[in-house]
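Assemble the complex: chain A is given as a structure, and chain B must be docked to it using the hints.
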Amino acid sequence: MSKMEEEEPEPEDATVESETGEPEVDADERFPMAWDEPAGNRKEPEERENISQFVEKYDARKIVTGEAKYTADFRDRIPDLAEGKVLRSEIAHGHVKSIDTSDAEAMDGVYAVITPWSDVVPDRVYTSAGQSYPEPTPWDLTVLRKKVRMVGDPIAAVAAEDRETADRALRKIHVEYEELEPVLDVEAATDPDAPQLFEEDFVENQQSGADYSRNLQSSFEGELGDVEGAFEDAENVLETEWETPYQNHCVPEPHTTIAYRDEDNRHHLISSTQVPYHTRRQLAHLFDVPIRDIRVEKPRIGAGFGSKQAMVIEPITFALSLAADRPVIYEASRREEFHAMRSRHPMKLKMKTAVDDDGTLQAMDLFALSNTGAYGPHGMTVAGNVGTKPLPIYPRVPNVRFGADVVHTNLPIGAAMRGYGAPQGHFAVESHVDEVARELGEDPVEFRSKNHVREGDLDRISGILGEGKKHARRIRSCGMAECIERGKEAIGYDDVEQPEDDHRHRGVGVALVAQGSGVAGDELGAAHIKMNEDGSFILQVGGVDTGTGTDTMVSQIAAEALGCDAGDIVVHAADTDIAPFDYGAYASSTTYITGQSVKKAAEDAKETLLKWGSKLLDEPPDRLVAEGGEVKSEVTGESVTLEDIGYESMYGGDEREQVMGEASHSTDESPPPFGAQFVDVTVDAETGEFDVNRITFAADLGVAINPPLAEGQIEGGEHMSLELATSGGYEFEDDGTPKTLSFNRYGMPRATDHPPMETILVETHEPSGPFGAKSIAELPTNGVAPALGNAIRDAVGVRIHELPITPERIKEQLDEEE
Amino acid sequence: MEIKIAINGSEERFEAKQSDSLLDVLRRHGYTGAKRGCDTGDCGFCAVIVDGEARKSCVVPAKRAEGATVETIESLGTQDDLHPVQEAFVDNTALQCGFCTPGMIMATTAYLRENPDPDLDDAEAREAIDDVLCRCTGYKKIVESVQDAAERMDGREQVAADGGVASDVEERADDGPADPGDGGESA
Numbered sequence: 001m002s003k004m005e006e007e008e009p010e011p012e013d014a015t016v017e018s019e020t021g022e023p024e025v026d027a028d029e030r031f032p033m034a035w036d037e038p039a040g041n042r043k044e045p046e047e048r049e050n051i052s053q054f055v056e057k058y059d060a061r062k063i064v065t066g067e068a069k070y071t072a073d074f075r076d077r078i079p080d081l082a083e084g085k086v087l088r089s090e091i092a093h094g095h096v097k098s099i100d101t102s103d104a105e106a107m108d109g110v111y112a113v114i115t116p117w118s119d120v121v122p123d124r125v126y127t128s129a130g131q132s133y134p135e136p137t138p139w140d141l142t143v144l145r146k147k148v149r150m151v152g153d154p155i156a157a158v159a160a161e162d163r164e165t166a167d168r169a170l171r172k173i174h175v176e177y178e179e180l181e182p183v184l185d186v187e188a189a190t191d192p193d194a195p196q197l198f199e200e201d202f203v204e205n206q207q208s209g210a211d212y213s214r215n216l217q218s219s220f221e222g223e224l225g226d227v228e229g230a231f232e233d234a235e236n237v238l239e240t241e242w243e244t245p246y247q248n249h250c251v252p253e254p255h256t257t258i259a260y261r262d263e264d265n266r267h268h269l270i271s272s273t274q275v276p277y278h279t280r281r282q283l284a285h286l287f288d289v290p291i292r293d294i295r296v297e298k299p300r301i302g303a304g305f306g307s308k309q310a311m312v313i314e315p316i317t318f319a320l321s322l323a324a325d326r327p328v329i330y331e332a333s334r335r336e337e338f339h340a341m342r343s344r345h346p347m348k349l350k351m352k353t354a355v356d357d358d359g360t361l362q363a364m365d366l367f368a369l370s371n372t373g374a375y376g377p378h379g380m381t382v383a384g385n386v387g388t389k390p391l392p393i394y395p396r397v398p399n400v401r402f403g404a405d406v407v408h409t410n411l412p413i414g415a416a417m418r419g420y421g422a423p424q425g426h427f428a429v430e431s432h433v434d435e436v437a438r439e440l441g442e443d444p445v446e447f448r449s450k451n452h453v454r455e456g457d458l459d460r461i462s463g464i465l466g467e468g469k470k471h472a473r474r475i476r477s478c479g480m481a482e483c484i485e486r487g488k489e490a491i492g493y494d495d496v497e498q499p500e501d502d503h504r505h506r507g508v509g510v511a512l513v514a515q516g517s518g519v520a521g522d523e524l525g526a527a528h529i530k531m532n533e534d535g536s537f538i539l540q541v542g543g544v545d546t547g548t549g550t551d552t553m554v555s556q557i558a559a560e561a562l563g564c565d566a567g568d569i570v571v572h573a574a575d576t577d578i579a580p581f582d583y584g585a586y587a588s589s590t591t592y593i594t595g596q597s598v599k600k601a602a603e604d605a606k607e608t609l610l611k612w613g614s615k616l617l618d619e620p621p622d623r624l625v626a627e628g629g630e631v632k633s634e635v636t637g638e639s640v641t642l643e644d645i646g647y648e649s650m651y652g653g654d655e656r657e658q659v660m661g662e663a664s665h666s667t668d669e670s671p672p673p674f675g676a677q678f679v680d681v682t683v684d685a686e687t688g689e690f691d692v693n694r695i696t697f698a699a700d701l702g703v704a705i706n707p708p709l710a711e712g713q714i715e716g717g718e719h720m721s722l723e724l725a726t727s728g729g730y731e732f733e734d735d736g737t738p739k740t741l742s743f744n745r746y747g748m749p750r751a752t753d754h755p756p757m758e759t760i761l762v763e764t765h766e767p768s769g770p771f772g773a774k775s776i777a778e779l780p781t782n783g784v785a786p787a788l789g790n791a792i793r794d795a796v797g798v799r800i801h802e803l804p805i806t807p808e809r810i811k812e813q814l815d816e817e818e
Numbered sequence: 001m002e003i004k005i006a007i008n009g010s011e012e013r014f015e016a017k018q019s020d021s022l023l024d025v026l027r028r029h030g031y032t033g034a035k036r037g038c039d040t041g042d043c044g045f046c047a048v049i050v051d052g053e054a055r056k057s058c059v060v061p062a063k064r065a066e067g068a069t070v071e072t073i074e075s076l077g078t079q080d081d082l083h084p085v086q087e088a089f090v091d092n093t094a095l096q097c098g099f100c101t102p103g104m105i106m107a108t109t110a111y112l113r114e115n116p117d118p119d120l121d122d123a124e125a126r127e128a129i130d131d132v133l134c135r136c137t138g139y140k141k142i143v144e145s146v147q148d149a150a151e152r153m154d155g156r157e158q159v160a161a162d163g164g165v166a167s168d169v170e171e172r173a174d175d176g177p178a179d180p181g182d183g184g185e186s187a
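So the sequence lines, in the order shown, correspond to chains A and B. When the letters of the first sequence are read in order and numbered with this note's numbering, they come out as residues 1 to 818. When the letters of the second sequence are read in order and numbered with this note's numbering, they come out as residues 1 to 187.
Excised from the complex, chain A in its bound form:
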């Protein structure tokens, strides 16, 4: 249920061919269907006490009363807090020749002015991408920039007594640039004579296929079977091209960080981050400070969606606090959020398939050209997900090729954003597959049903870029067929009534979607739980609640394992000093990874709980169960309350101990959740204007721990997908200066822009997940764009290849048809 962004294991080799093109002989042995599931992991609905039910969101009451504290709300708790502000480049490409800060420094109320040449500002390169170590991302950033590569690059920063003073000080800093020609076109960027963004030896930790002389951050390809051979022998071949725009996270709470030195002479950060533990490590490396001397605390955060799976503003705030020798807060402005922080990568995609006359897909070939903008955080891994998330929807296709080029331009930085490449990939794959069906004269749903994933499939496509243990996965839970059936029924697929007006046409489109549950083989979650005298528990967990409901979800899982009430679990999360380690909130990992660590920790505590129950009831532990707030004998029916055990275990006469449990969880598994997105649209064939009548999403997320929160994830994901489909994108001046700098200009959908939505949860049981759960957060960001395009194709027969889908683009296609 986490709403985070994917991070795929790096494509280790530029080209990874399967040796034979055939499934391995020992595949059944290496990737067995059977899973050694712990006892009690599978619970029938009537046995569930805390999961699969409404449990009030853990932080709901403090949120609705305005008492929830976000980073900026800590202002009045920290005396002498200075205000940080950043001076950003006004040109897209060039060198900073000089910075004169003397006027700013002379101002009253200005505590520090820092530039790339300041002692406290490190020179070394790093990445902002909040990923595992070493990051599968090039180190191409410096805290402040001597060479600027986009409008918005940070050049200098000020700490002052208040915002006004800091702003006035910024205006008194004088910068001289030597301008260079900017690279603004992603296709021209790799020309040999294009201006070069990076000197080759500047970037460390370079990734597969990097060639900075051609502005290439990464380039990779993987193949299964023999794709060219399949095209030669094909009965039908279709080739299509697609394009997707920039998308902004529109994260409600702008990036905000407070940095100060505490009374123990340690560095304390309160920060709106999805990755407090990665940030602690990265900050320690960047500033050469021991990890033990840094504490990162995540308070409530006003959502992330991937924008905060990154150490974006922490280094500047930290440097300012060192230079000013006092606490500093830096709260990014909305304008900065739109041009200087992070965005979804714009992409151009090509898809080619070979298909038999009977509708069997024989080959899929997908290529993505991704614009990572001025820097490359998450560049390669996002591009990897373009193929490895949607293509496994059709896992029995024997010949598959997928590759990408990730290219630099002097435009805003592409990075992690909910879906993490999968929305772009699904737009290409699910639009293309729809077109294949229509060209063959088949119903698009029927066509998909012949080819889509089923329980028991061996999916080798998700591992097409890797090798070794991660290169295939067994599909142990799959509700795709039920998602399609229930979605069809809800949207009225078989009975679409046409409007009376001759020029208005109604159509229904579908897109199948898939994602992952964490990064296979590259995650760690850990939890600790301890019991109080009254039978309540304190759960310490690294999982980062970005608003999704993580704290609620972990309380439900712990309570289900311990047989108590979710309300008896107090959650302390995501403070690097207090809670155990966690990779953070991204890649739809939180329920599957963090949730499993919590379940294991609770089961660890339960062993001690039963031991004490055994002592008090004078029966062996294997006859005892924990349920309903008691430990009960299954033989005699006698019971003791958790409170009885709490007091006895802590204050008993002969022996004393605290009931506690702890666990880590890591795994090579990442079971995909599946879904079917339906869109019902009416198009005016004279004007191209369209109305989305309703949208329906049916999701197989395994077992939903908290169904209303899961529905909220789906509806919010569809909102983002609807925006990408109909209103995303940035505008720029000819010199690369961004024009899209506010919510209004950007056009984020409002309540009245939204069609009615229907949300359907399809339960399956994933044996490797906690109580059968998979994930849900990113899955629904993938479907509306292709399903809307398919619905428009269904309604008026034209195909829109470029997002956003607008009346103008539809009209243009309609005119061409005539």
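In case anyone wonders, no lab produced these hints; they're calculated from the structure. A couple of the hints might just be wrong.
[What the hints assert, rightly or not] DSS-like mimics (lysine-lysine), calculated; alpha carbons at most 30 Å apart, straight line:
| hint | chain 1 | residue 1 | chain 2 | residue 2 |
| --- | --- | --- | --- | --- |
| 1 | A | K62 | B | K4 |
| 2 | A | K69 | A | K350 |
| 3 | A | K62 | A | K488 |
| 4 | A | K488 | A | K43 |
| 5 | A | K146 | A | K97 |
| 6 | A | K172 | A | K97 |
| 7 | A | K611 | A | K632 |
| 8 | A | K172 | B | K17 |
| 9 | A | K69 | B | K63 |
| 10 | B | K4 | A | K348 |
| 11 | A | K488 | A | K352 |
| 12 | B | K4 | A | K352 |
| 13 | A | K172 | B | K63 |
For chain B alone, kept in the frame of chain A given last:
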């Protein structure tokens, strides 16, 4: 300068700068339920009720709030005794990150006082919150909460008397954010 505001039922005097917005003053004095999301009047996370109407406090100049009656999220219920609108949001799981929630709740409250209707339809509920953005929920559960709140409010809260001292508080739509460096679309 000093401004006098009737805030959450008590007359208070606040020190303010010429350039301050009402949001600046509120947040500086501990009313941090109102959130800063844009400073340009686009997102509505800072909505509070000024003289009976929901206003985006980031574009209300502090000096124009002199003499006004202001209600913030802090004036509604407590965690142990929620206001019906707050209850509806909690019971419908109509919140995720919560950053827009105070604005949503204040916009809903103002709307329902003006338009009491236990059978509020979907379109009206959307209209009630159209000035407040939400990035997490797709608005569905919020719209359902607004409808639920309308039903719960019926008879539980009288239409508030619009008795502010100054009725001339207007949104400063033309002259941009309080803080020019924090930029916006005003240029």
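Results of checking the hints against the structure:
1. K62/A to K4/B: With a Cα-Cα distance of about 28 Å, the restraint between K62/A and K4/B holds, given a limit of 30 Å.
2. K69/A to K350/A: Violated - the C-alpha atoms of K350/A and K69/A are around 46 Å apart, more than 30 Å.
3. K62/A to K488/A: violated (40 Å)
4. K488/A to K43/A: holds (29 Å)
5. K146/A to K97/A: Holds, at about 8 Å.
6. K172/A to K97/A: Judged against 30 Å, a Cα distance of about 17 Å means the pair holds.
7. K611/A to K632/A: Given pair K611/A, K632/A holds - Cα atoms ~12 Å apart, limit 30 Å.
8. K172/A to K17/B: holds (21 Å)
9. K69/A to K63/B: With Cα atoms ~28 Å apart, K69/A and K63/B stay inside 30 Å; holds.
10. K4/B to K348/A: Violated, at about 57 Å.
11. K488/A to K352/A: holds (27 Å)
12. K4/B to K352/A: violated (68 Å)
13. K172/A to K63/B: Holds, at about 28 Å.
Of the hints listed earlier, those the structure fails to meet are numbers 2, 3, 10, 12, in rising order.
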